[in-house]
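Novice: Chain by chain, the residues run as shown.
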Amino acid sequence: MTIFLKSIIMLGSLGLILGVVLALIFQKLAIKTNDLVERIKLALPGSNCGICAFPGCEVYAEKIVKDGIALNRCLPGEPEAASKIAKILGKNVEIKEPMIAALTCQGGKVQCRERFIYDGGTDCRQAYILHGGNKSCVFGCVGLGHCASVCPFGAIKIGKNRLPIINERKCTGCGICVKECPKMTLRLIPRTKLVYLACVSKDKGKAVKDICSVGCFACNICIKVCPYDALNMENNLPVMDFSRCTDCVICVHKCPAKSFIDRAKARPYPIISSLCNGCGECVKVCQFNAIEGNPKERHKIISAKCIGCGECFKVCSVKAIKMAGALGYQHKTA
Amino acid sequence: MITNPLLIFVAAFIVNNILLMRYIGLCPFFGVSTSLSTAFGMSTAVLFVMLLSTWVTWIIFHFVLLPLDLVFLRTAAFILVIAALVQFVEMFLKKNFKTLYTAMGIYLPLITTNCAILAVTFLVIDYKYSLFQSTIFAIGTAFGFGLVIILFSAIRERLEFAPISRSLKGYPIAFIAASLVALAFLGFIGLFGLTL
Chain E
1 MTIFLKSIIM LGSLGLILGV VLALIFQKLA IKTNDLVERI KLALPGSNCG
51 ICAFPGCEVY AEKIVKDGIA LNRCLPGEPE AASKIAKILG KNVEIKEPMI
101 AALTCQGGKV QCRERFIYDG GTDCRQAYIL HGGNKSCVFG CVGLGHCASV
151 CPFGAIKIGK NRLPIINERK CTGCGICVKE CPKMTLRLIP RTKLVYLACV
201 SKDKGKAVKD ICSVGCFACN ICIKVCPYDA LNMENNLPVM DFSRCTDCVI
251 CVHKCPAKSF IDRAKARPYP IISSLCNGCG ECVKVCQFNA IEGNPKERHK
301 IISAKCIGCG ECFKVCSVKA IKMAGALGYQ HKTA
Chain L
1 MITNPLLIFV AAFIVNNILL MRYIGLCPFF GVSTSLSTAF GMSTAVLFVM
51 LLSTWVTWII FHFVLLPLDL VFLRTAAFIL VIAALVQFVE MFLKKNFKTL
101 YTAMGIYLPL ITTNCAILAV TFLVIDYKYS LFQSTIFAIG TAFGFGLVII
151 LFSAIRERLE FAPISRSLKG YPIAFIAASL VALAFLGFIG LFGLTL
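Order-wise, the sequence lines are chains E and L. For the first sequence, the positions run 1 to 334 when our numbering is used. For the second sequence, the positions run 1 to 196 when our numbering is used.
If we strip away everything but chain E, and leave its shape as in the complex, we get (with noise of 0.2 angstroms):
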């Protein structure tokens, strides 16, 4: 019994001595952390993932108080991270919007004709070598995978109809697919944008029709029914620009080639309530003719022809328009 309670006085007291020393010592060396730096690394995610290029959050930190390195080097904490960053500093910095990385060629086997057998290596750059790849479309993708190759997340693989399938999950919108690709079929566009042209052909019309089954003949038709002014022709190829661009997916249903992709997995569909007094102003904001009725009468949706693009509701004076279904469409899909 005294050899036990000996040996709990004596670990016990040890510890306490220890612990004792330890905390006057710690008072004794403290060391003034500069204060900012100590909030910045509150305001970082503290994994120390090392995506910034420093071994560590702290050291980040350190970085930017001191070096002044940029702020929104850091993907994990993203969105956040940067701009409480910036409120800490009272900088403005300009955050970097997430992007994804998205195919803008649709030609896969089925779609686009192979101009000749193509029987050497199996990398997209060598084919590009020969004639630039073994498909009838010069401008559009190999298919042969180099970009799944070089993807450090594993979020490329490419499909049955030799075309890459991006993983939006595990694509983080590094770029490395797009300078690599040889091309030039991939680009990053805004996560948030569900739209886009998938097409990168410079020919237009019979050229390209002749080839492909999807590929944009430069028609203008997507640039006339933009309500946005989103699009733009250069190089028989829409332009989209992507701040004016409000995913109302108008393009994607009018253009004839299906060039477009639209990312939502669904979409919306609107409802008129009673409230509607017939005013008939959605009937001649709807590109597709899915409204229909009577002057004064209220307004029903065909909802057939409807593409949930949501013009009506936007031009409803009296809010008789509702969206629904397709609920958190745009999460579904970030």
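What the hints contain is simulated information worked out from the structure, not anything from laboratory work. Don't take each hint at face value.
Straight-line Cα separation of at most 30 angstroms, DSBU-like style, residue types lysine-lysine; simulated pairs [said to hold, decoys possible]:
#1 E:Lys41 <-> L:Lys94
#2 L:Lys128 <-> E:Lys6
#3 E:Lys87 <-> L:Lys94
#4 E:Lys157 <-> E:Lys109
#5 L:Lys98 <-> E:Lys84
Start from chain E and add chain L according to the hints.
Specialist: Chain L only, in chain E's frame:
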């Protein structure tokens, strides 16, 4: 029992090398030996902490545990002391030698849980070394640790570029390489009549 300081050093340094002959401290051996610079940082930190902890635990053992007849508590007491010591060293370095602190980086707190440190503090007591002999032993062991980990990190750096089959890449081949290095060190057994 070896009493000659030089022989104690050689025995701890090469003949009874802590990593390859005693198989102690293998976690940092495989964890930190991926590149030469980290291996060097780790071995300097080990030298530093090993020396200090050996002194302190030797004093604790001979002036606290032995008189109180509580020798069986040495494991608990030593772990406590080493952890507190490393904490103190870290604070001290952070305050006074900032460059050294940043150079050692994460390895300093990691050493708290390094079994090699604890092993040395036990061994000097098992061998009934004096404080001076313990110091020599600790230095020798730390140098042996550093020698092997630095040698091995060079091998690991070469292994990165070697054509190794996929199933063996990474740790498996590192363990195989380590066993070959250990075999080579087996040749030192019996040097000056020193063995475990």
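Novice: Hint compliance check: list the failing hint numbers for this structure, sorted ascending.
Specialist: none
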